[in-house]
Amino acid sequence: MKRGSGLFRSVLILATAFGLVFAATGVTANTKSVKKAQFHGAIALDRELGRSGFAVDRPTARAAAVEALNQCGGGRCEVVLAFKSTCAALANNQKAKQWATSTGATRQEAETKALRRCTSTNCEIAVWACTR
Numbered sequence: 001m002k003r004g005s006g007l008f009r010s011v012l013i014l015a016t017a018f019g020l021v022f023a024a025t026g027v028t029a030n031t032k033s034v035k036k037a038q039f040h041g042a043i044a045l046d047r048e049l050g051r052s053g054f055a056v057d058r059p060t061a062r063a064a065a066v067e068a069l070n071q072c073g074g075g076r077c078e079v080v081l082a083f084k085s086t087c088a089a090l091a092n093n094q095k096a097k098q099w100a101t102s103t104g105a106t107r108q109e110a111e112t113k114a115l116r117r118c119t120s121t122n123c124e125i126a127v128w129a130c131t132r
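Taking the working numbering as reference, the numbering of the sequence shown is continuous, increasing by one, and the terminal residue is 132.
Just to be clear, a hint being listed does not mean it is correct.
[As the list claims (entries may be wrong)] Below, a list of computed lysine-lysine pairs in the DSS-like style, where the Cα atoms sit at most 25 Å apart:
1. Lys-113 - Lys-95
2. Lys-97 - Lys-113
3. Lys-113 - Lys-84
Calculated directly from the structure, the hints in this document are not laboratory data.
Sequences are here, hints too, so could you generate the full structure?
Right under this line is the structure:
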């Protein structure tokens with residue numbers, strides 16, 4: 001009888017120690033997958049006046065769009081690119097009424113791709129933005 005209760009006590013101590021180790025490391029038996037945070041951005045443009053606005057690191061696409069439109073100045077502004085967890089750029093030639101957008105892993109990549117997509121030879125980067 002003594003021997004059995006000693007074994008029980010050893011198992012209980014071991015189980016408690018495991019519980020403390022898992023609690024200290026934050027590991028639980030029923031772990032849920034951790035979602036990577038998503039950061040939304042948007043670029044808005046008024047095609048007639050050439051005004052633009054942008055937003056980055058917003059929790060939702062809608063919040064990013066609203067901020068980009070507000071920065072653009074309202075009126076005829078429209079969201080021309082919504083993006084998340086990346087960089088984006090808007091190339092524009094106001095005189096020719098040409099514009100193009102693109103995304104990329106870096107600012108440079110986004111700008112290069114936007115300039116390539118712009119059909120006018122005199123396009124310039126009007127705005128760029130990168131989320132986290």
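Pair hint Lys-113 and Lys-95, alpha-carbon separation not exceeding 25 Å: holds (21 Å)
Pair hint outcome, Lys-97 versus Lys-113 [Cα-Cα no greater than 25 Å]: holds (18 Å)
25 Å limit on alpha-carbon distance, applied to hinted pair Lys-113 and Lys-84: holds (17 Å)
Hint compliance for this structure: every hint is met.
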